[in-house]
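Participant: We have chain A; now place chains B and C onto it with these hints.
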Amino acid sequence: MTALLEVANVSKSFTGLRAVADVSFSVPQGSLFAVIGPNGAGKTTLFNLIAGVFAPDSGTIAFAGARIDGLRPDQVCRRGIGRTFQLVRPFPTLTVEDNVMIGALLRHSDPPQALRRAHDVLWRLDLFDKRAQLAGALTLPDRKRLEVARALATEPKLLLLDEVMAGLRPTETDRMVEILKKLNGEGGLTILLIEHVMRAVMSLATHVLVLHHGAAIAEGAPEEVVRDPAVIHSYLGTEAM
Amino acid sequence: MSADIYLNVAVGGLLTGLIYGLMALGLSVIFGVVRVVNFAHGEMMTVAMYLAVILFANYGLDPLLMMLPIAVLFFVAGYLMQLGLINPFITRPEYMQFILLLAVAIIIVNGVLIVFGPDAQTVQTSYAFDSFAIGPLIVDATKLYAGLAALVVASALFAFFRFAPLGKAVRACADNQIGALVVGLNVKRLYALSFGLGLACVGAAGAIIVLVVDVTPPLGPAYTLLAFVIVITGGLGSMSGALIGGVLIGLTEAMAGLFFTPSAKSMFAFAILVLVLLFRPQGIMGQKLS
Amino acid sequence: MIGRLLYDVPRHALWLLGLVLVGLIAAPLFANDYLLTVLILILYFAYTGQAWNILMGFAGQLSLGHALYVGLGAYVAAALYVHYGIGPWIGLPVAILISVASGAIIGFLAFRFGVAGVYFAILTIAFCEFARIGFDHLGWLGGSGGMFLPVSNHTQNDLWHLRGQPVMFYYLILLLTVLAFVLCHLMLRSRVGYFWQAIREDEEAARSLGIATFRYKMAAILVSSAMTAPAGVFYAFYYNNLFPEQTFFILRSIEIILGPIIGGVGTLFGPVIGAFVITGLSEALQELLTLYGFDTPGAKRVFYGVCLLVVVMVLPNGIWPPLARLLRLGRRRDTTERQP
Chain A
1 MTALLEVANV SKSFTGLRAV ADVSFSVPQG SLFAVIGPNG AGKTTLFNLI AGVFAPDSGT
61 IAFAGARIDG LRPDQVCRRG IGRTFQLVRP FPTLTVEDNV MIGALLRHSD PPQALRRAHD
121 VLWRLDLFDK RAQLAGALTL PDRKRLEVAR ALATEPKLLL LDEVMAGLRP TETDRMVEIL
181 KKLNGEGGLT ILLIEHVMRA VMSLATHVLV LHHGAAIAEG APEEVVRDPA VIHSYLGTEA
241 M
Chain B
242 MSADIYLNVA VGGLLTGLIY GLMALGLSVI FGVVRVVNFA HGEMMTVAMY LAVILFANYG
302 LDPLLMMLPI AVLFFVAGYL MQLGLINPFI TRPEYMQFIL LLAVAIIIVN GVLIVFGPDA
362 QTVQTSYAFD SFAIGPLIVD ATKLYAGLAA LVVASALFAF FRFAPLGKAV RACADNQIGA
422 LVVGLNVKRL YALSFGLGLA CVGAAGAIIV LVVDVTPPLG PAYTLLAFVI VITGGLGSMS
482 GALIGGVLIG LTEAMAGLFF TPSAKSMFAF AILVLVLLFR PQGIMGQKLS
Chain C
532 MIGRLLYDVP RHALWLLGLV LVGLIAAPLF ANDYLLTVLI LILYFAYTGQ AWNILMGFAG
592 QLSLGHALYV GLGAYVAAAL YVHYGIGPWI GLPVAILISV ASGAIIGFLA FRFGVAGVYF
652 AILTIAFCEF ARIGFDHLGW LGGSGGMFLP VSNHTQNDLW HLRGQPVMFY YLILLLTVLA
712 FVLCHLMLRS RVGYFWQAIR EDEEAARSLG IATFRYKMAA ILVSSAMTAP AGVFYAFYYN
772 NLFPEQTFFI LRSIEIILGP IIGGVGTLFG PVIGAFVITG LSEALQELLT LYGFDTPGAK
832 RVFYGVCLLV VVMVLPNGIW PPLARLLRLG RRRDTTERQP
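Chains as they are written, first to last, in this note's numbering: chain A, 1 to 241; chain B, 242 to 531; chain C, 532 to 871.
Bound-form chain A, shown alone (with noise of 0.2 Å):
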């Protein structure tokens, strides 16, 4: 399988603080990628480096063969990654509808065009009906599919997924968890996610690599990287082994 996504040796520190440290991951494409590890251990400063809100300290990111390091996150978005943040950020005065037709409006600059292709997404996100009720007035499960719909009508090759089952209840986790199995068998996205929630890892992921401080202490295969004794001990400490 070929790399979609090539992150080598990056690093990244804020003001003496080594939030990410010499990290180097392949995501091949069509995978469904997998980025765990305790608080603090710099996912999501990773994902913002892949995304364009930082740039590295030193390494590179190369997204389909190009370097994306050092662009800014509406260049790194218009190259095919779309991104959800962690703490969701919708617009919140405008509708549901609205919030997504401005993703699609990405790729297909006439606003009813891309208000249909706003509607494909809303219905493959199980949010159609809520189109016209005001963002900011959705409940947290709605509000992270919002996320993800918005960000899949920008037609991404690449989705980064931030902690989005973070909050939500076990029978809404796997609602999601089948609408990312979806998005990734059938429309062929590569998603890479962090995710705390490891029943949704275990079920979804083909790849995971594990975070410490920083660095990757681990990657492989989800069965294997659980088992591995530098991730139990990262998560559990000395006395757990």
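Calculated directly from the structure, the hints in this document are not laboratory data. Just to be clear, a hint being listed does not mean it is correct.
What the hints assert, rightly or not - Simulated coverage check for chain A against chain C, where a stretch passes if three residues somewhere in it have a Cβ under 8 Å from a Cβ of chain C:
id: 1; stretch: 66-74
id: 2; stretch: 93-106
id: 3; stretch: 218-225
As the list claims (entries may be wrong) - So the derived label-pair ranges between C-beta atoms look like this:
id: 4; chain 1: B; residue 1: Ala397; chain 2: A; residue 2: Gln75; range: 46 to 54 Å
id: 5; chain 1: A; residue 1: Ala55; chain 2: C; residue 2: Gly554; range: 53 to 61 Å
id: 6; chain 1: A; residue 1: Ala132; chain 2: B; residue 2: Arg333; range: 21 to 29 Å
Each residue gets a CB set at the ideal place from its N, CA and C atoms; glycine is no exception.
Facilitator: Leaving out everything else, chains B and C in the frame of chain A:
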């Protein structure tokens, strides 16, 4: 022109700058703690100025003596204002607060125009024309007293925030609101206290600056802008920055008035503002913005 | 195309709009001179309010120095007329150019360097104040003494030189307001309009959707300043005198924002409704006060402040949204049906 004149003008600017600094200090405290943009800051200062004028004109009370009572009055007003008017706006979008205080500013500046008329009001104390000769310097007594008074008040405020438990509580609140709540601090009260302190600075500054400057209604918006320029130049949230910024602006104004026409003074202040916003937005003393 | 423009506007709203328009067109037949000048003032603020609304209501950038664009437009057109005899219709593109250039400078300085929110507002105030003080020293433009346009025989309506009776000015400003309204409506439902709203709501989220925020913010300030300049030209030829102290005075900038804030920032009808309400009421107040012998210049402005205070505290989204709900004039949602 001889060096003496430059020196005298500079010293005069420095002393006036201290008073500006006190005014800006008030804004810094308000913004630093309560995170409210007090767009009516200068207008409130003119109210203090007019108050000092009335007290002097009708009762012969020296503004230097009235500085403290006026400051206390403004403290109370600020405390109540925060609790009553401003508190609900802390969670609203920033531009709403701005408009709220803009509305207050409009009401004050035009209210003052209606009550006092457009003519300049002055305070002529018995020592208004005195001056001290220190070496080559000839310093106006009014400027010297006013400047020193401003310094005293500012120092008292610094000491409060540094050493008093209540002052430390306020600083904690400014640094980390949620943390302060968790530790049990009454954030609402502390906000009101801070707003009160901020306005007390304004009251004090207004009372003493009237010795040096004549008061007219348009001075309000001019001082508001000046306060923002000073605070941004010195560093938003930095108290020492406010004083340093004030002195810097006072000096610049004085020297600009000397080299160019007096009306160009504010142009220089704006030029400084633009430069600071572009090249060092955190100000002289501020922390780097993320 | 008209169909596309109006597809989701409710039927009775269109009738209402048509009625109001007819009323406005017919107004000079029924209004006395005084009322006509008030209407001109109302429409002037409806126009400038809409122009300002593009920057604030659509793109979310608070400008408190919009009088700069009015003043520049006014002075450029006036100077060309007074010094070179160039008519205002030729002076108009030049005025727009100068206004847009200043908007571009402010926008570039602000957006390139990340000056946003209250800092941006203060920057806009600073630039306008700079102009106010600066123009005082420009002798060629009249300096602090003012610039005066030659007033000729008012019984002849000279449209080319904009010399004539108030009626001519009334229809001119009415036309401008209607054009601005149509333009805002078009922009709001175009790609640019949606991107502006995204930036207003959450700039970082907008960026994550591929929106080049710097470009669109610049577009907003350029369009806003370009649209404001004609108001300046109108101002110069209607009042026939310009003083830096008055033209660039901060109160002028505040007057411009009153309509949109009271009517509803970011809405299409807000600035227009707001202009009618605030200007109408304040003029009425002024009349009432002079009737009872109180000639206080500050009273009208205190009224502005009070209105602003009340609106911001009680109706933060302005008068229009609740009014629209009441009269059921909002966008029709049932037109967006889709076959699964």
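Participant: For every hint, state whether the structure bears it out.
Facilitator: Hint by hint, here is what the structure shows:
no. : hint                              : result
1   : 66-74                             : holds (count 3)
2   : 93-106                            : holds (count 9)
3   : 218-225                           : violated (count 0)
4   : Ala397(B) / Gln75(A): 46 to 54 Å  : 53 Å, holds
5   : Ala55(A) / Gly554(C): 53 to 61 Å  : 58 Å, holds
6   : Ala132(A) / Arg333(B): 21 to 29 Å : 25 Å, holds
In summary, the one numbered hint that this structure violates is 3.
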